[in-house]
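Peer 1: Here is how the chains run, residue by residue.
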Amino acid sequence: MTLIAQTALEAVEGIKDGSTVLVGGFGMAGMPVALIDALIEQGATDLEVVSNNAGNGDTGLAALLAAGRVRKVICSFPRQSDSYVFDDLYRAGKIELEVVPQGNLAERMRAAGAGIGAFFCPTGVGTPLAEGKETRTIDGRDYVLELPIHGDVALIGAHAGDPMGNLVYRKTARNFGPVMATAAATTIAQVSHIVALGDLDPEVVVTPGIFVDRIVHVAQETP
Amino acid sequence: MTITVTLDRTIEHLDRGPLTRDEMAQAVARDIPDGSFVNLGIGQPTQVGDHLSPDSGIVLHTENGMLGMGPAATGDDIDTDLTNAGKVPVTELPGASYFHHADSFAMMRGGHLDVCVLGAFQVSERGDLANWHTGAPDAIPAVGGAMDLAIGAKDVFVMMSLFAKDGAPKLVRKCTYPLTGLACVSRVYTEHATFLVGGSGVTVVETFGTTVDELAGRLDLELGLIGS
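Residue numbers (the numbering used here), protein chains in the order written: chain Y, 368 to 590; chain U, 304 to 531.
Here chain U stands alone, though its shape is the one from the complex (with noise of 0.2 angstroms):
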């Protein structure tokens, strides 16, 4: 992990309840760096994006081939030669490039992308990360670039919703999905809490609408605080 985190210590946010998903993605984009070359994964962490000061100097990258990717394109501006990695037309801002893939995914290996944005089924507290595959017999597997991502990155910053539809925590010891990574993330947003995984564990750095005690009554897991 290479951004470091600006609280002195946990923050219980009680007078209010879980986050919405545009406040999710607000809270992603708040901890950008300025300046950041930043990936964001297809579906919820695309929105992160709509948070991003012009201001920032931050560059969105898109697998596909290109730097500097604008807002989703409407009427006259689609052209169907400019898409994001969802395939969703987008624009291009001034000072943006085109590669091809070879050179898109040297970008992440090589260590050049400082943040990349991605859903995930399951964290494991040391930072392992299912993201690509539910195992399941007569699912088609499909990854795309996400294990590219997951080890390429300097930083990976996983959006998720905190608990399954059947209730099961996403953030646990181990994960049971196939894995996309090994020790590969290192912030955890979702709508209950905001966590720091890997290396000592996990850290818990804001909730929201609940209290750090009561998540880890519903984590199976040791739940750190900041300054503490």
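Isolated chain Y (complex conformation) (with noise of 0.2 angstroms):
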């Protein structure tokens, strides 16, 4: 049963020390920054966090990461016009980071929410982010051996969700949101709307609520 919190502190409720947290968003678009905010003063640290960036400008992902509670970031794409926080701690050797082409990112939480155990994968061959990992040739083309992510917490944002935790999500907004869902034991989604049962027409569901375990109305600048 999903449940609908409060508030975002209430929704972060019981993350523990060293969770892996999987992230939603492709810079601030998608990101979950209330559930961000309300993690700051919930006060998990040691944490591992599987994003696709590693934070912009102040607020959001680079406010807990100013914070010091994350321990090593997973992302495909940290270095950006605006991310001095991540830049800064990453340069004074205070953070760990992994990086992870894109594709690979998605597809790695995809295969956890799927319960896949590994996947060969044709991105990163003959690579430096190949090197020490398990390679195959098939039917002529090769692949590098790829493990999935599983998260302890996903965070994520969406447009409308509804009291059996059924997402819908808004334009580029979606991007790692109904991914990330699926490969955490724990996924927490705000919401820009709470909708009534039966006001979400099934058809264009695109997280099914058995992904979701707390929603929280988070209201938006945007629709």
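Please note that the accuracy of each hint is not assured.
Said to hold, decoys possible - Derived DSSO-like pairs (lysine-lysine); straight-line CA-CA distance at most 27 angstroms: (1) U/K477 - Y/K500; (2) Y/K383 - Y/K461; (3) Y/K500 - U/K468; (4) Y/K439 - Y/K500; (5) U/K457 - U/K473; (6) U/K477 - U/K457.
Source of the hints: derived by calculation from the structure; they are not laboratory data.
From the two separate chains plus the hints, produce the assembled complex.
Peer 2: Put into structure tokens, the structure is as follows:
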């Protein structure tokens, strides 16, 4: 059963130190800023964060990093024009980084959510990111063995959710949300709208409620 | 490579200077077949979109989960939930669709994307691509979707300056920067010339303000000609 939390702080209750936290968003689009702010207040530390980027500006993921709560970041693209919080931590040796090609990041979480033990992927063959990994030639093409990424918790943003936990997203803010929702033991979604049971057309539900444990309403500037 | 060259011989354009960046983007746009599904990389390749005709039926893919991407958004059209891979606000065209990241990259790896256009630090004569990391000790590595695009799209076009700031050629026998993908590039568009790479080596398609012989002198490469 999906819990409708009254506050973001209630939604992130129980996240333990040392957790692997999947954080949705591509840049700021789809980033669950209210849940991250609540996680900062909640206090869990020594976290391993999996997200496409490593924070923008001073808010959201960047604020969690700045608060010193993150031991390691697994992401595809840490370096951006406004990733100064991460950049300084990394250069000071205060944070670990694992760079993963963006499609592998998505597929490794998809595999986790789908119960796949590992998969052979053509991305990165012959590059430094494949060093030390098992390879296999299948039908004349080379592949690298990639392992799933399981989250203890996923924090995602969505457009609307219903009391079953069914979610729909908005435009490119969808990005990693549906994949991360499947890959974590506990998935927590901040939604711009909570709608009544039956108000979401079952044909357009993107993330079925089975993947969603808690939702919380957070008003957004966007519609 | 799936797209063929229409020229029957190499052309030297000697009545003009090197291509401007905008002309390079035009040259790339001209070579993308109508009806293609195309991903334009961050930075210079994004300019190619300005030269695609609305009647071409070309559909732009952005790896953050959209097909049917329109031009950059301005004014009231700016929506923080609708951006391209460079996090720039964009617009949607009629017939657009949204999807999650695993589907977006399945479109690349699964061979559904026809063309991607990327920038590069180096491209080798056999089409190896280096465009994600300089390897400098203080550089923070960031790969994004470059490796997935490089091995996924049916044709990978590179747009780059032919020489680095220090004058070193960027079209090389063997890449010295960390690789993004092996034997994945099919064409290289530069201000001085366009090239086919991979397979039998480097073939010059067109030159701009220079001759093939002059280029051969500046590049440590054997340059083939179309129709020879």
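Peer 1: All hints are to be evaluated individually against the structure, with a verdict given for each.
Peer 2: Now the hints, each set against the structure:
1. U/K477 - Y/K500: It holds: about 23 angstroms lies between the C-alpha atoms, which stays within 27 angstroms.
2. Y/K383 - Y/K461: Holds. Y/K383 to Y/K461 sits at ~21 angstroms (cutoff 27 angstroms).
3. Y/K500 - U/K468: Violated, at roughly 35 angstroms.
4. Y/K439 - Y/K500: holds, 20 angstroms
5. U/K457 - U/K473: holds, 23 angstroms
6. U/K477 - U/K457: The given pair, whose Cα atoms are some 22 angstroms apart, holds under the 27 angstroms limit.
Violated hint: 3 only; the structure is consistent with all others.
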